[in-house]
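Here my numbering is used: the first residue of the sequence shown is 1, the next is one more, and so on.
Simulated from the structure, these hints should not be mistaken for laboratory data. Any given hint might turn out to be false.
As the list claims (entries may be wrong) - Restraint ranges, calculated between C-beta atoms of paired labels, are given here:
| id | residue 1 | residue 2 | range |
| --- | --- | --- | --- |
| 1 | G57 | K196 | 25 to 35 angstroms |
| 2 | W115 | I156 | 24 to 34 angstroms |
| 3 | F75 | W43 | 24 to 34 angstroms |
| 4 | T41 | A195 | 30 to 40 angstroms |
| 5 | V120 | M148 | 34 to 44 angstroms |
| 6 | P135 | S36 | 45 to 55 angstroms |
| 7 | T33 | I141 | 21 to 31 angstroms |
Idealized CB from N, CA, C, for every residue including glycine.
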Amino acid sequence: MGSLRWLLASLGLGAAFGTVTSASNDVSSPYGTFGSQTAQTGWADVAKVASLLLDAGWAWAALAVAAGWLVGARFRGAVAGVVALAAAVTAYYGLDFILRGEPFALYQAEMLWWWVASLVLGSALGTVGAAVRCPGVIGLIAGLAVPMGAALQMVILPPGLDGYTENPEAVWVRLIVWVGAALCGGVVIARFFLAKAFQQPAGGAHTSADSTLISAT
1 MGSLRWLLAS LGLGAAFGTV TSASNDVSSP YGTFGSQTAQ TGWADVAKVA
51 SLLLDAGWAW AALAVAAGWL VGARFRGAVA GVVALAAAVT AYYGLDFILR
101 GEPFALYQAE MLWWWVASLV LGSALGTVGA AVRCPGVIGL IAGLAVPMGA
151 ALQMVILPPG LDGYTENPEA VWVRLIVWVG AALCGGVVIA RFFLAKAFQQ
201 PAGGAHTSAD STLISAT
């Protein structure tokens with residue numbers, strides 16, 4: 001990816017993520033600018049599921065990991081993670097400011113806090129994303145970071161505080177995350193063992209050929 005294209009891609013990815021997250025929060029709330037018009041409709045239910053999925057720690061972490069994976073190189077991956085998260089934070093609070101019609105000063109302190117967090121966490125998560133492309137155990141561990149993080153959050157801090165019966169959207173979110181984490185983790189593990197299996201015959205054939213040559217001489 002070109003020297004400027006990867007930076008713009010990270011910026012666009014983060015901005016899109018922050019915008020969609022803020023918009024889904026607004027539509028899912030009956031007090032939101034658009035949510036007040038879609039309340040008690042199917043769109044509101046879909047927005048609630050999207051809001052619970054996107055406005056979660058594992059999803060924001062996955063954003064930085066995805067940005068690093070798209071770039072590939074380790075240093076660029078770290079920068080891409082920071083840029084993606086910072087852009088997402090800016091877009092998120094920027095759209096909140098527009099939709100809620102509140103003074104922008106109310107968001108400045110919180111935005112500054114999350115920009116700092118983007119700098120610290122984004123660089124680490126972006127590096128993890130770049131390491132997903134690495135062969136062997138390093139790529140395996142990096143590839144399992146997001147699905148394991150998502151599953152861990154479902155155990156420690158699951159979405160929805162109203163219980164399984166009173167909040168059906170949270171049930172769907174838990175199901176989606178668990179299934180998605182299992183599928184992603186399975187793909188990563190399968191890729192690891194398949195790569196290992198394809199490497200072994202090549203090594204074995206080389207060793208056999210060397211043994212034949214030695215015995216012939």
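Cross-check of the supplied hints:
A hinted range of 25 to 35 angstroms holds for the C-beta pair G57 and K196, which are about 32 angstroms apart. Range check, W115 to I156: Cβ separation about 26 angstroms, and the 24 to 34 angstroms hint holds. F75 and W43 have their C-beta atoms about 42 angstroms apart, which leaves the hinted 24 to 34 angstroms range violated. For T41 and A195, the hinted distance range of 30 to 40 angstroms is not satisfied, since their beta carbons lie about 47 angstroms from each other.
Taking the beta carbon of each, V120 and M148 are about 20 angstroms apart, not inside 34 to 44 angstroms as hinted. Distance hint check: the CB atoms of P135 and S36 are about 52 angstroms apart, consistent with the given range 45 to 55 angstroms. Judged by the Cβ atoms, the range 21 to 31 angstroms given for T33 and I141 is violated: they are separated by roughly 43 angstroms.
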